[in-house]
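J.: Spelled out from the first residue to the last, the chains are:
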Amino acid sequence: MQHIRDGIMVVNTETIAGKVITQNLGVVGGSTVRAKHVGKDIFAGLKNLVGGELTAYTELLEESRSEAVARMVADAAARGANAVVNVRFATSAVTAGASELFAYGTAVIVE
Amino acid sequence: MVDASVICWGPFLLIAFLFSIFGIIWTIAYPFLFLYGAVFSGRNLDKSMNKIVFREKTSIEHFGKDPLSTLKGTHIVGGVRKSGLVYSSVVYSPSHWQLMIAWINGLFGGRIDIIHRVISVGRAEATQRLREQAQADGWEEVLNVRIDTAEMTSASNPKGTKAVEVFAYGTGVKYS
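Just so you know, the sequences run in chain order A and B.
Just so you know, this note's numbering puts 7 at position 7 of the first sequence, and the rest follows in order with no gaps.
Just so you know, this note's numbering puts 21 at position 21 of the second sequence, and the rest follows in order with no gaps.
Source of the hints: derived by calculation from the structure; they are not laboratory data.
Just so you know, these numbers come straight off a predicted model, no measurement behind them.
Built from N, CA and C at the ideal position, the CB exists for glycine as well.
Just so you know, not all the hints are guaranteed correct.
Stated by the list, open to error - Label pairs and their in silico Cβ distance ranges:
1) A/55 x B/29: 33 to 43 Å
2) A/20 x B/56: 46 to 56 Å
3) B/57 x A/34: 31 to 41 Å
4) B/28 x A/7: 29 to 39 Å
As the list claims (entries may be wrong) - Chain B regions said to be covered by chain A (calculated; three or more residues, Cβ under 8 Å):
5) 9-17
6) 33-41
7) 47-57
8) 93-99
9) 134-146
What the hints assert, rightly or not - Far from chain A by the CB rule (all over 10 Å, computed), these chain B residues:
10) 44
11) 61
12) 62
13) 64
14) 76
15) 107
16) 110
17) 162
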């Protein structure tokens, strides 16, 4: 995972250590809803019977999370920010088999 | 009105056939997998817990201490050269056998250890992956760590929680 995308720093602390926030550009966010295809769902269902880690779903969430972060960063870039601070993640199971990943934070200009 | 003779039935039949095949496999496999879960799910949990403890030791050796903390970084004196987001996640589910035992336990109330073990292994796995991710990205410490859980349901059975996703994230920092 890249920690800097398109020159934008992304952190989940309120400030960036060693930098001063000079301008606040508001809340930015990115979200995505994804699902695995039916075959993987069925195998995950079988694995679920036995218990343990469901790799297909871990993979799915990993993919969608990076997509959500990428969208958030694109939003921040559109506002001319050079960092996103205080990033939070939220998950919601909108419908069975699919989940919404939402990443949000504050776009700022730091020096 | 559409004349029934002009509809191409091929794709529908194919889908119906595939569904019935899945149904048959499911019916045959269910009891075997249930028994497998009953016998091995506890043992597999113990095994993965032991592995996680071992991996934890290796990464603590690499960092010299536990790299994760929930501090916000205000205590840091001196410079931080770089910082960035680190995250990791894992989806864990109890086996149907464990769910059944938990249901029976729930009738009497009190502690339900069998489910507690599943979720604690999931959480340990997620935090350990966060450490490994931090190591791979070259961070020296991870600040402001948060651990979230989310419920997941599978498409085949929308009712009830089937799996739990544990998600850990924090800010990696580099001092020099």
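J.: Each of the hints needs a verdict: does it hold here or not?
T.: Cross-check of the supplied hints:
no. : hint                    : in the structure
1   : A/55 x B/29: 33 to 43 Å : violated (18 Å)
2   : A/20 x B/56: 46 to 56 Å : violated (36 Å)
3   : B/57 x A/34: 31 to 41 Å : holds (35 Å)
4   : B/28 x A/7: 29 to 39 Å  : violated (56 Å)
5   : 9-17                    : violated (count 0)
6   : 33-41                   : holds (count 6)
7   : 47-57                   : violated (count 1)
8   : 93-99                   : holds (count 6)
9   : 134-146                 : holds (count 4)
10  : 44                      : violated (6 Å)
11  : 61                      : holds (23 Å)
12  : 62                      : holds (19 Å)
13  : 64                      : holds (20 Å)
14  : 76                      : violated (6 Å)
15  : 107                     : holds (21 Å)
16  : 110                     : holds (22 Å)
17  : 162                     : violated (6 Å)
Hints 1, 2, 4, 5, 7, 10, 14, 17 from the earlier list are contradicted by this structure; the remaining hints agree with it.
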